[in-house]
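For the record, the sequence lines run as chains A and B.
The first sequence begins at 1 in the UniProt record's numbering and counts up by one.
The second sequence begins at 1 in the UniProt record's numbering and counts up by one.
Hints were generated in silico from the structure; no laboratory data involved.
Please read these numbers as outputs of a predicted model, since none were measured by experiment.
Do not take every clue at face value.
No copy is singled out in the list; a pair is fine if it fits within one copy or between any two copies.
Here are the computed lysine-lysine pairs in the DSS-like style, where the Cα-Cα straight-line distance is at most 27 Å [claimed, not checked]:
hint: 1; residue 1: 409; residue 2: 92
hint: 2; residue 1: 92; residue 2: 420
hint: 3; residue 1: 92; residue 2: 141
hint: 4; residue 1: 5; residue 2: 346
hint: 5; residue 1: 5; residue 2: 420
hint: 6; residue 1: 155; residue 2: 260
hint: 7; residue 1: 88; residue 2: 99
There are 2 protein chains.
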Amino acid sequence: MEQRKIGVLGAGQLGRMFVEAASRLNVEVHLLDVGTTAPAKQICSSDHHIDGKFSDASKIEELAKGVDILTVEIEHVDAKALQTVQDKGIVKHIHPTPKTIALIQDKYLQKRFLSGKGIPVADFASVGPEDAESSQAGAAKIAPLQVQAIDEAVKQFGLPLMLKSRTQAYDGKGNYVLKNVEDASKAVESLGAGSRGLYAEKWAPFVKEVAVMVVRSVSGEVRAYPAVETYHENSICHSVFAPLRHNDPAVAQRAQDVAKKAVAELEGAGVFGVELFLMSNGELLLNEIAPRPHNSGHYTIEACETSQYENHVRAILDLPLGSTALKVGSSAMLNILGVADLDADKAAIEKTFAPVVASLGVPGTTAHLYGKSGCRRGRKMGHITIVGNNDAQVRERYQILVDALDIAKKAADEGSSLPKELTIQGATNVSPDKLFKGRYASLQETVDKPVSSDFSHPHPLIGIIMGSDSDLPVMLPAAQILKRFAIPFELTIVSAHRTPDRMQVYARQTAARGLRAIIAGAGGAAHLPGMVAAQTALPVIGVPVKGSTLDGVDSLHSIVQMPRGIPVATVAINNSTNAALLAVRIVGSADVEVLQRMQEYMDSMEKEVLGKVEKLREQGWDYVVKK
Amino acid sequence: MEQRKIGVLGAGQLGRMFVEAASRLNVEVHLLDVGTTAPAKQICSSDHHIDGKFSDASKIEELAKGVDILTVEIEHVDAKALQTVQDKGIVKHIHPTPKTIALIQDKYLQKRFLSGKGIPVADFASVGPEDAESSQAGAAKIAPLQVQAIDEAVKQFGLPLMLKSRTQAYDGKGNYVLKNVEDASKAVESLGAGSRGLYAEKWAPFVKEVAVMVVRSVSGEVRAYPAVETYHENSICHSVFAPLRHNDPAVAQRAQDVAKKAVAELEGAGVFGVELFLMSNGELLLNEIAPRPHNSGHYTIEACETSQYENHVRAILDLPLGSTALKVGSSAMLNILGVADLDADKAAIEKTFAPVVASLGVPGTTAHLYGKSGCRRGRKMGHITIVGNNDAQVRERYQILVDALDIAKKAADEGSSLPKELTIQGATNVSPDKLFKGRYASLQETVDKPVSSDFSHPHPLIGIIMGSDSDLPVMLPAAQILKRFAIPFELTIVSAHRTPDRMQVYARQTAARGLRAIIAGAGGAAHLPGMVAAQTALPVIGVPVKGSTLDGVDSLHSIVQMPRGIPVATVAINNSTNAALLAVRIVGSADVEVLQRMQEYMDSMEKEVLGKVEKLREQGWDYVVKK
């Protein structure tokens, strides 16, 4: 469709997924990377690729000559060479601009820039000479100055103190956590002994790591993808969960706002990965920005209306940006990292791909393998995206892959072999159902367990609340129904009159926590359902609980006669069974599998009654009296 | 991951999308097709591709030598040559088997086979010599026999009569609709004058064309994708809508069952496209089977948990089959067919891609262009998938693309140029919002129109029903609320007591028609909400309508006091406003955009009341009395 050609510096997995998106739009891509079989080159047949380093100025110039637009899949490129090809007029557009890439390459300058623009970042300070150029001078001269600066930073920010290399730092490389001020020299030495610029950051004891992908058009329009939670192990991205769930309903929006504001300040078009720390007080601190598609945005391929890769293509071609909305209820991503080195363990690849084999039996999963031949411990060999209707379903699917990963890691560490079902040979002919136990299997297993062993699901869809434990006998049938339908729920006590603050907090958090409906039981004045409905946009189902007077009619009228504007879905007095069945129908209205189960439940009720018809016909009209 | 190599006969768009899926699983693919730049070869860098025809026995043998498994992206291959390479032991596995491919190549034998297995097909009869081989004999001898057989077929099946070539027929080529028996000779001549075997089919005046993709494992397990509606123009697939919507809730399941049964009877693994006719009496007739990924299954890439292409890879590698479930609420596919010949119109490609340009501004769309250089009228150049939460949203998005297509076709027919906004240059820098008016824009435009101009939406999410038009004054506020929230709805009269049959039919169709909830208003005995709830698995919201006696308490109790098993979500007496707000909350519980709008509505109510606080403070306590 589009005749402009794009040159990409780097042809790893990010380039590979970029090429996928570009091919779908008939866009010609030329790749610069070492070798002829780099991941992106494998799926982009062309005589125009260049074999060379993306940090090699002459190769960059060669690439530039053949294309209209240059972009990067990695920020560790020769930014000066990029600037030169642009200055020479060899290529018209470079996205993002060499200036932006250079700014991001130096984490200290990046932080100073962002801080200057009013973006919240952790407190930081230069360590030693501030001018990045001068740090190229003799290490012997600079190292003592750095040690001295660390001393000062400790006084300012306390311990532990995060020390970081300004450049060439990624996946935790170039970071040093200083716990004692006496270790300052050791830190400087370990980080490159003065040959690389350093800076210090106040320790940020975050409660969650958050990331937001932002796409920026040539004209500066910015669109944010949903905020996600990222989970790192050994400073390498392990998993991503989208959307971000949090008690504070405003956090996700604030994360998007901070990310958009930051990216809006940069120059050039494309996709940017923004990493943030969420602090215990709800504060968000921007950690760093990647000027390219990002690991935390892989999930967008299967889970969003337009993937980060297609939006990168669109942005740099100056085409309209695509929708960044989620198209599924919930999603997760698991990185497939090498669990062993191939030269030490012949089965390194097989073990590494064990979660992929497991995923073949799990609905909603898509494996992306990057076509890398060598396998090293920690190397990014692929990833798996998981999608589902809701968090509970996605977490259940995710857990199966993580279990496989744990088995594979153990096998790698112990030098033992994989269980057969985690090998390709074992997966062959195995019915998926043998691997995958099905939706919330663990929940269904509890149906017949005594009530005393029941606790709330960590990712509930339905909240069952009541004013007091005296309402439990009336409300427990609702829990039993939800278990029968394998709908994850939580059950707790929230009193409108005795815990008004708790009620407000509970009601306002529900949607952000991923709930779909609330069942509230109340007797007498029965304000709970209506007061909760006034503070959440979710459907609230009210169960009138029968008191010692008025037969529950007081509760019924109190719950059902809501003023125009705030509805409560009221069911029969003391009938929490119907409240739960209504909640199942609400979930089922957008989930065909649940709807199907409700239809089967209704069919079974019909069959049961027809059975009684038969019994009455066989045993006579007084069969009930007789038993 | 998987070391086995796959060879594919054909490297067109189906091969291209197959290669995409294979690459993601690190599976090596060798392609056989003419040239070096066939669509699939473009995205599969390899020294192993073969330049040649997939109907060339020697090339097939060459391909087979380099791989472990052979498959096809097109059925018009040399099935005998395939059988030979398998018999010679050159390749271990061919999927589907050469026998299956040969059977499907001959539509008459295919039909006879399916009919023999009890699969419902249109009545059919051989035309002339039944042995396909003998039809290679002199046309002069056979043609008169064929004309005679057509005469007999007309007597048996009536007119019009469908005449079909047994082989090499696709996209309407090889079909002849006989309207007068006198045209029999002309038909025979037009279909190849006896040189190709023919057969006759009883005319099938279908109400819808339906397709089901089925994946079959090596061991014979079959899994069906959702039944979809296909729409053809000039016998070429124009659009696909998933899932199939129909009044009869059992049709989709029956279509899947027929398709699975048919594919289970075939040999070999892989994905099969099954085309069916849905007749006015609800009968389903199998039209034909394609032994490969199919145009009607393109939508699965964006809309299903596992795409048809990945499932084809998995099936032929003997890996566990992936989930065929939809992961979005609704989906559509629009083929991008050449609107002009490139040698006649220099702007043929630009015009052909006009809907693609339009799609860049429409959320939920993904364009797939096939990398074909030549453009001919009717040539498949690409397709666009549309996903959304529900049918209404998908149809609204789809319509924008079809509008662009119509403009482009007109420009092609008249030799005029495209409007600027449908060219790539025009799309540049245009904010998507200028192209896309937003969710159900037309619906929102009617909010302030008089009631007399209101009619039901063709793809409603909510049904508003009541026993009589005398309930309209009470129920209309519900319609106004749904319009305000841009939730598509229908409004009609259904009486439990006066139209019990209509009520049953209405209630049972709702889920299959794509509705999400029903609002039922009723007074007095007020049986409608409960009786509807007894016959649908969707949530039913009851509005007690106040009668002339008992203040509506009769209706309230009648609606709310449902027996255990069947819930009705009851709202306040005469308060259809709250019923609609509850319906919006139900839709919003699985649609963040709608949930957001409900939150904004609640915020606006708060603001309105706070305004009154201010007014009272400014104008005095008697300000209401004064006005």
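Give the relationship of residue 92 and residue 420 under a CA distance limit of 27 Å: within one copy only, between copies only, both, or neither.
between (55 Å within a copy, 24 Å between copies)
From the Cα coordinates, with 27 Å as the cut-off, is the pair residue 5 and residue 420 best called within, between, both, or neither?
between (47 Å within a copy, 22 Å between copies)
Quick one: residue 88 to residue 99, C-alpha cut-off 27 Å, is that within a copy, between copies, both, or neither?
within (16 Å within a copy, 63 Å between copies)
For residue 92 vs residue 141, is the C-alpha pair at or below 27 Å within one copy, between two copies, both, or neither?
neither (42 Å within a copy, 69 Å between copies)
Should residue 409 paired with residue 92 be assigned to within, between, both, or neither, using CA atoms and 27 Å as the limit?
neither (48 Å within a copy, 35 Å between copies)
At most 27 Å between CA atoms: does that hold for residue 155 and residue 260 within a copy, between copies, both, or neither?
neither (34 Å within a copy, 73 Å between copies)
For residue 5 and residue 346, with the copy left unspecified, which applies at a CA distance of at most 27 Å: within, between, both, or neither?
between (41 Å within a copy, 21 Å between copies)
Figure legend: structure checked against the earlier numbered hints; hints not met, in rising order: 1, 3, 6.
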